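Number of protein chains: 2
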Amino acid sequence: MHKIVSEISQHTGEEVELKGWCYNFRSSGKIFFLQFRDGSGTVQVVYSKAELPSEQWDLLDQLRLESSVIVRGVVKAEPRSPNGFELTGTFFQPIQIAQEGYPIGKKEHGPDFLLDNRHLWLRAESQWAVMRVRDRIITSTFEWFHENGFIKFDTPILTPTSCEGTTDLFQMDYFSDEQEGSPNDQVSGSKAYLAQSGQLYLEAGIMSLGRAFDFGPVFRAEKSKTRRHLTEFWMMDAEAAFVEHEGNMVIQEALICRIVEDVLKHCQAELKVLGRDTAPLQKVKAPFVHFTHAEAIAKLRANGSDIGDMDDLGADDETWLTQQYETPIFVEKYPAAVKAFYMKRDPQDETRVLNNDLLAPEGYGEIIGGSQREDDYETLVQRLAEHNLDPKPFDWYLDLRRYGSVPHSGFGYGLERIVAWTCGLHHVRETIPFPRMINRITP
Amino acid sequence: MHKIVSEISQHTGEEVELKGWCYNFRSSGKIFFLQFRDGSGTVQVVYSKAELPSEQWDLLDQLRLESSVIVRGVVKAEPRSPNGFELTGTFFQPIQIAQEGYPIGKKEHGPDFLLDNRHLWLRAESQWAVMRVRDRIITSTFEWFHENGFIKFDTPILTPTSCEGTTDLFQMDYFSDEQEGSPNDQVSGSKAYLAQSGQLYLEAGIMSLGRAFDFGPVFRAEKSKTRRHLTEFWMMDAEAAFVEHEGNMVIQEALICRIVEDVLKHCQAELKVLGRDTAPLQKVKAPFVHFTHAEAIAKLRANGSDIGDMDDLGADDETWLTQQYETPIFVEKYPAAVKAFYMKRDPQDETRVLNNDLLAPEGYGEIIGGSQREDDYETLVQRLAEHNLDPKPFDWYLDLRRYGSVPHSGFGYGLERIVAWTCGLHHVRETIPFPRMINRITP
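From first to last, the protein sequence lines are chains H and E. Residue 1 is where the first sequence starts when you use my numbering, and the numbers rise one by one after that. Residue 1 is where the second sequence starts when you use my numbering, and the numbers rise one by one after that.
If you're looking for bench data, these hints aren't it; they were derived computationally from the structure. There could be a bad hint or two in this list.
[Said to hold, decoys possible] Derived pair list, reagent style BS3-like, types lysine-lysine, alpha-carbon separation capped at 30 Å:
1. H:K107 to H:K225
2. E:K107 to H:K392
3. H:K191 to H:K339
4. H:K223 to H:K265
5. E:K3 to E:K272
6. E:K283 to E:K265
7. E:K392 to H:K106
8. E:K191 to H:K225
9. E:K223 to H:K392
10. E:K225 to H:K191
11. E:K299 to E:K265
12. E:K225 to E:K76
13. H:K285 to E:K285
14. E:K223 to H:K107
15. H:K30 to H:K3
16. E:K3 to E:K265
17. E:K283 to E:K299
18. H:K223 to E:K392
19. E:K191 to H:K223
20. H:K265 to H:K283
21. E:K106 to H:K392
22. E:K225 to H:K392
23. H:K76 to H:K3
24. E:K106 to E:K225
25. E:K76 to E:K191
26. H:K106 to H:K49
27. E:K3 to E:K76
28. E:K76 to E:K272
29. H:K3 to E:K285
30. H:K191 to E:K191
31. E:K392 to H:K225
32. E:K107 to E:K225
33. E:K106 to E:K76
34. E:K191 to E:K392
35. H:K3 to H:K49
36. H:K191 to E:K223
If you're wondering where the values come from, they're calculated on a predicted model, not measured in any experiment.
So here's chain H without its partners, still in its complex pose (with noise of 0.2 Å):
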């Protein structure tokens, strides 16, 4: 008879007992309220006094919130309640009474005061809604990368040197100090780094598999603090042989739009507690609007924007552009000077890369970034040279090209913002259970 809360619609009209916590309550001194929640769902339950035994009614009356509580009761439709029913309570026994002091409440906290109080901020309805969509992103991402035959491949975090060439490294030692080094020890001494992306590993990856993800926490040691930006996150990596530049974006394209019929189709109940306005999300479907980088620079100064013929674009840029449409918007063939060295250049225009930003309507802004790669040995070696990069530790990657090189494209998504996009989120930081920032690494 020990049910889940998501169950209960299949059992109208029977007894049920379920186990979980109550999140809030209130009684009239006859019938008491208890909204209960068991991580599956909530519903609420309805106590009458005259007919619960006077015991458990006292029991009830020592209710505190979040205490631990096992409750029976008929499961009757109920049109007024959020999932359609609630419980004609039979039955009360609390597990254990939360101690005095619960230290969140109805009132409006702080993002600060909430966030040294994740673990139990998790508990809202609004974050547990948020770690459910967080959760049918994922699966979407991999049912979809499985159905289009990309195999899941784990890139390192423990690294020797930076993917992208950049400064915003996390840096430890690797068995520097009191290790006793036999002399072939490649890496006694070293320092390792934290990985910021896998693709270069993945690049790796393909020769042999043909097409390969990755999803895992990256680390960025950005000073930034923006509603944007977390030291800590995740990003799923994609990468396919003989896809080009073209090919490579409708994959993303297809991969967006699964994940946001998924949440709509998975996730109604979520999104109504987070009060997310689903219609923009409805208007995600292919095609999306292509511009290229200079077509986009032109939008941005015919709006008075000062911004440079081949400056990137900058987060206010990509806020308002995501303002004027309605389905997501890739940018493609941005400057080569403000881009990796690893993005094959457009072979109609040497000063351009054959890379895409996807961004997201509704003023969040880039999502993905992704390229296709130089594949040629000679031009990734010259490329090397003009970004004054040690050519040394990509020796490994260069095989890539010396042996059996193939054109192939890839791409990144940060689940983060997705997860704030399609919940309708102003910060990321309430897309993960942990953020790091920063200033913050508790609880």
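Once you have looked at the hints, place chain E on chain H.
Quick look at chain E alone, frame taken from chain H:
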């Protein structure tokens, strides 16, 4: 007409075009046998000098191993071929002829050489097979958890303290030096540690979600150089509210049965490439063998071991034990003294905990560790003291017992050990794309 190898069985009698790599070839002077791979599978293409345009035949003559190529041919059933098909070649075009000196050849290479060339070794059919089995295990894990009400909950890597109070932690500065810290910055000048497990965070997650799992890289700065250890490896942690010790083992058993069943169902070709005898895997069915720790000790001593009553089991003990039985073995109720502070004591014997290891057969040993967690606030405070752990960093964890504590249990599996077992590999270094060991963080 562009297809992939895994699709050709649907195109018997048709001409198809494939893009991929030449992994081997031989020529009789009149017939050229090209072993072709494209990531989805391998197929032999048979070219006849008499049938092929001479300029294409000349290109075949210049072929080198691991060159990238486009081939066309007519699909023909061929019972002697591993996948039942071959191609009668009609067209050949190299994409890039590999440079001379592809380092990996037919001869035996030592492990260090292969690991130095891991980015290329991954193309070996054996490594391709391992990566595909790994992907299958990951996929089955996600599917099983989602079918059973678990939500993915990504626990953090950067943590301010150790989960189990162990010393094998990688440590780094977290914005300590150059940061223009505000007085409110909590972690200015502080250290961060790379997580060894997400368990404690997952326990916070289930108080919101009911059931949750994580699956990501974890880190151990262990100086062990054994066939079972990596410094970076992938761990899956699962946790469930209202599940006690016995139920916890039921979940583990069902998950492992599903994984093995799916690998047998979907990865026959890969297991064949690896020469894996599948008979032992077919015997992995519920119910698994169960021993208490005390029973396991008695068996080991009967076999001549001098292991003490309250000793932990060593790797050699596990190896021997698992060679005696055909199913995995649960060993439960270890001495509290050798286990972590958060494990709940056995009410029948306070010197022992309600934990289990799960040992894989054929000598593979520990693949899972799990336990019921202590859910009483006062008891947990006492356990921290007994383990000489400062309670301050665990204050948030204690909150989970202050506010709505519930009985709960969980476990973690080491992905690489499960891959090694199912693939029949001796060493875990082949089970992850880019292994990190005490003396290796390259390539």
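Hint by hint, where does the structure go against what was stated? Just the numbers, ascending. Going through the list in order, the structure violates hints 4, 11, 12, 13, 14, 25 and respects the others.
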